[in-house]
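Protein chains in written order, with my numbering: chain Z, 1 to 440; chain R, 441 to 1130.
Don't take every hint at face value.
Which residues of chain Z face chain R? A partial, calculated answer using Cβ under 7 Å [to be verified]:
hint: 1; residue: P62
hint: 2; residue: G85
hint: 3; residue: G96
hint: 4; residue: N116
hint: 5; residue: E119
hint: 6; residue: L120
hint: 7; residue: W123
hint: 8; residue: T335
hint: 9; residue: S336
hint: 10; residue: T339
hint: 11; residue: K363
hint: 12; residue: K367
hint: 13; residue: E369
hint: 14; residue: N370
hint: 15; residue: V373
hint: 16; residue: G381
Rather than coming from a laboratory, the hints here were simulated on the basis of the structure.
The beta carbon of each residue, even a glycine, is placed where N, CA and C say it ideally should be.
Listed here are the chains, written in short residue letters.
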Amino acid sequence: MKMKLLLVSALSVFGFAGLAQEVAYEEYNLENDLHVILHQDNTAPIISISVFYHVGSKDEDPQRTGFAHFFEHLLFEGTKNIEKGEWDKIVSANGGSGNATTNEDRTYYYEVFPSNNLELGLWLESERMLHPVINQKGVDTQNEVVKEEKRLRVDNSPYGKFIENIKKNLFKSHPYKETVIGKMADLDAATLDEFKAFQKKFYSPNNAVLVIAGDFETENAKKLISEYFKDIPKGAEITRSFPKENPITTEINAKAYDSNIQIPATMIAYRTPGLKNRDSQVLEMISTYLSDGPSSKLYKKMVDEEKQALQIGAIPVTLEDYGMYIVFALPVGETSLSTLNTSIETEVEKLRNELISENDYQKLQNKFENRFVNSNSSIEGIAESLADYYALYGDTSLINKEIEVYRSITREEIKEVANKYLKPNQRLVLEYLPEQNSAN
Amino acid sequence: MKNTYILLLTLFSFIAVQAQVDRTVMPKPGPAPEINLGVPQSFNLNNGLKVLVVENHKLPRVSMQLSIDNPPILEGNKAGVASLTGSLLGLGSKNITKEAFNEEIDFLGARLYFSSQTAYSQSLSKYFPRMMELMADAAIYPNFTQEEFDKEKDKLITGLKSEEKVVSSISSRVQRALAYGKNHPYGEFTTEETVNNVTLSDVEEFYREYFVPANAYLIVIGDVNLEEVKSLTEKYFTSWTKAVPPSFSYSQPKNVPNTQINFVDMPNAVQSEITVQNIVNLKMSDDDFIAALLANQIFGGGSDSRLNLNLREDKGYTYGAYSSLGNDKYGPSRFAASVEVRNTVTDSSVVQILKELEQIITKPVTEDELKTTKAIYAGSFIMALEDPETIARYALNIEKENLPKDFYKSFLEKLDKVSKAEVEAAAKKYFNVDNARVIVVGKGSDILSGLQNIDYKGKKLPVLAYSKTADRVETPDYNVAVPTDVSAQSVLEKYITAIGGKDKLESVNTLAMMAAAEMQGMKLDLNVKKTSSDQLMQDVQMMGNSVSKQVLNGDTGYMIMQGQRKDLEEKELDAIKKESAPFTELQLVNDESVTIEGMEMVGDKNAYKLKIGENKSAFFDAETGLKLQEITVTEMQGQQISSTSNFEDYKEVSGIMFPFKIIQTVGPQSFEFIVSEIKVNDGVSPTDFE
């Protein structure tokens, strides 16, 4: 209650104009507990059909890493009524496009079509949920594809191994310590029955959100959704309990080697709270302040003015149980990594000890408002946000209200949160070095 | 009565809900959707500026697009003035400095760009009034300074220079020049010379004459209302002085009487760029416009089109083959099919493109092709509508191209109705296989004879040679006979004499060279050491880190690539041994396997070409005897990769001539190494080869 009052007063003090934006949506459950969200927007005759499954790499058996991502691929292999290899052809021959993504927490499949193909999209996604074909042939095909993807994105990609090295150092017991792509040996060892069991456990209507966004007629859409999804049987209830991490109290130092690079990098990472925690949003603001774009503090200082760094950047990773805030820098010429670390810490220290300037604060607010507005500019983007807000944040209405959270963050709070999470004894310092055998 | 009807309907839908869907049948698409395009409101200012407003309140943001629809401008001997004017616009104004201007836009989280006849901005709607003020201020009161002019001119010239070696840039320049003529606004091009003719006052004059409101449109899209836009534009844009731009007359381009090949020699090319083009007269307002789009889409509009399926999927000649069909309300534009292929399949590719053209002109497209192409086209058309800029472009097209108001609204319906016969008729009308120009830019010595021997409909196609600036030149003859008194041995002897003489070269036991090149702002250092007893060390460093290193020490050797050390195998050792001597030509002069292959041009110099072993050729200046170039072909992962070294700027060190500039080219990458130091019989120790 007190919090709400504070929020109102903050708003009035800074005099923000109210946003005219309102993403209208409707949500309900089918009898099998499939959650449905409809967002109607008839501006353009486009429709997005997507299914969010609340399953990611953290849900895997620790001996079978990579399963969730593997299923992202496997569930394109065909269904009882869609032959192997036909899925993509059907989508493109009907003027559509589609894809899927996986992370630690969830898997997301989507198609975007001209709006006269709503029924086709529902057919495709309901087939994927009801009738996936999981056989050895499909597993073998995708096993090769996933390995190729790993070669491309991780093994042969400069700096491609940074995330696995940060995760294994920041997390000791929570499954976030593993990567999304997983270990290839685990995939090789997996049996067909294990894949089938994973499908049965996680890819059920009660663990999914169906989002229809764009140009449709509501009653007709509801009718079709019911026809295609109502008979998909409900799965067993899923309970999650993951081990908690102990706080980091002394600086962690680690090294990693990469044969694809010539220029080393320093990476400083902090473990941050899960995405439902308000501090997570404050940290996103901090990340933008420090390192987003050429006018950010670290870029201006280290790249522009002192020419210590070739490149600098930050990646705030927001996940369900914990997050990560990662700052990286590549040195210019002979600059040592420790010089870069000192420069970064100087700026982080300022955040802990001083308030950011009024002008910088207003600029941050402008940036977040722009980002918020533009994140809702595509139907597909809105559909994905709706699913995320419902399933991960537990509050679909954040689609319209999240900006209020950012607006309510004060300069004082930024300082407070920097002190809570970004102290030197809470960080990981990773030296990311070129892998080089000695010349002799 | 009405109620009963509703009741029946509800009953019916109730029944429908209960019906089981047949999952074995793929659902059919519904009728093509109509497009709910925002209808622009519009008004004019007294100075001629036409304002279109597309209200869209979904998101609190506004984009503005200022676009001046002047007829094509002939820049003549000051070509480049338009581009320079564009670069100098938007750098603050007479009222606000460049720094303050950029900082404010950054603070607002907004964007603002200019080109010679356009401006674009995007911001939150609450900052829209200020953004319009900034845009108008920069547009109406530009601050053209000599300092910024000089900077932009340098940038433009640097850009032009780097384009001179790029096959695709030369090709696109020649395509336009030949299609339209060099004295046509679409055919003229910018050169270093024309840029140097431009002065600051030319930019001011260009701005004064063409950056005028007579043909200008300002489109405002987003969370605004008409009244607000009206009062703001009146406030900020009224002071824009009314003026009408001058107009030009120029000749009308025509197709050639017979299909011919127009060839441009680029000796450095490893790929040929082929374009088959003809002039078309097509306007968006033409009845067969959509049929023409479909014909092009089927022929070469996407990755599933015929051209790509043939040249890429079937033959594997190229990474991609595509065509484009222009349209222009002012006059003729081009149809062009383009492809980049490796040298050896240049003539075969020409034959295949002409064959596909012949096919689409003479045979009807299939029902299936038409259906799929329509679906893909409709899909991408519809998806694009989400972007407010697409909506703006459509609103503007309706105005500029004089299209019916429902042109886009009914686009999908019209698309759906296009028949096979209409597509066939459009292909016949707009694609031309009998009066086409086949423009080939590539390495003449590899491809010209193939082109001259193409058999097309029982006849050879005429091959006309052009320079890189699209002037007619004599067809080069790559078979210049080597004078009878010249042999491989005499060429090598002449070279040895030219750089210092046999005795001098034989007295060299060790050689050390340091050189450096720049790559994307980073320094690349090259360090080479050699001895006369099978020892070689070559180290390439980037920013102080070794990128690749090769070492030979008698019968052993190793290399380090990307941090991985690998011992050299016998075959590799043999190859590297041949390169390790300070002057390999001292051995080659006695090697009977070295043969003379003919004469070729290297740059503007006549050179003898010697073949050394299986994979290497060397070129020696016929006049001075100096070595100009070496080309080595290696096989990597099944692909032939050629690497070229050019030797320039010979200077004397310890009585021997060495090249002080070495340009190394592999694929599209080129490094210019400048030698900083050469030491003869000094600076090399045995530990260098450990």
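Report task. Hold the hint about T335/Z up to the distance rule: shortest CB distance to chain R must be less than 7 Å. Result -> violated (10 Å)
Report task. With chain R as the partner, please determine if N116/Z meets the hint condition of a C-beta pair closer than 7 Å. Result -> holds (4 Å)
Requested in this report: So, G96/Z near chain R? Judge it on the closest CB pair being under 7 Å.
Outcome: This interface hint holds because 6 Å falls under the 7 Å limit.
Requested in this report: Report holds or violated for the interface hint on S336/Z, using the least CB-CB distance to chain R and a cut-off of 7 Å.
Outcome: violated (12 Å)
Query raised in the report: Does the CB of W123/Z sit less than 7 Å away from some CB of chain R?
Result: Since the shortest Cβ distance to chain R is 5 Å, the answer is holds.
Query raised in the report: Is the hint on K367/Z kept, meaning its closest Cβ partner in chain R is under 7 Å away?
Result: Holds - the Cβ of K367/Z comes within 7 Å of chain R, reaching about 5 Å at its closest.
Query - E369/Z as an interface hint toward chain R, with CB separation required under 7 Å - result: holds (6 Å)
Query raised in the report: When the nearest CB of chain R is found for K363/Z, is that gap smaller than 7 Å?
Result: OK, holds: K363/Z within 7 Å of chain R, min 5 Å.
Requested in this report: Using 7 Å as the Cβ threshold, decide whether G381/Z counts as touching chain R.
Outcome: violated (10 Å)
Query raised in the report: Are P62/Z and chain R close enough, Cβ to Cβ, to be under 7 Å, as the hint says?
Result: With a minimum Cβ separation of about 32 Å from chain R (threshold 7 Å), the hint on P62/Z is violated.
**Report entry** chain R contact restraint on G85/Z - CB to CB distance below 7 Å
**Finding:** The hint is violated - G85/Z has no Cβ within 7 Å of chain R, the shortest such distance being about 15 Å.
Requested in this report: Against chain R, run the beta carbon of L120/Z and see if the smallest gap drops under 7 Å.
Outcome: holds (5 Å)
In summary, the numbered hints that this structure violates are 1, 2, 8, 9, 10 and 16.
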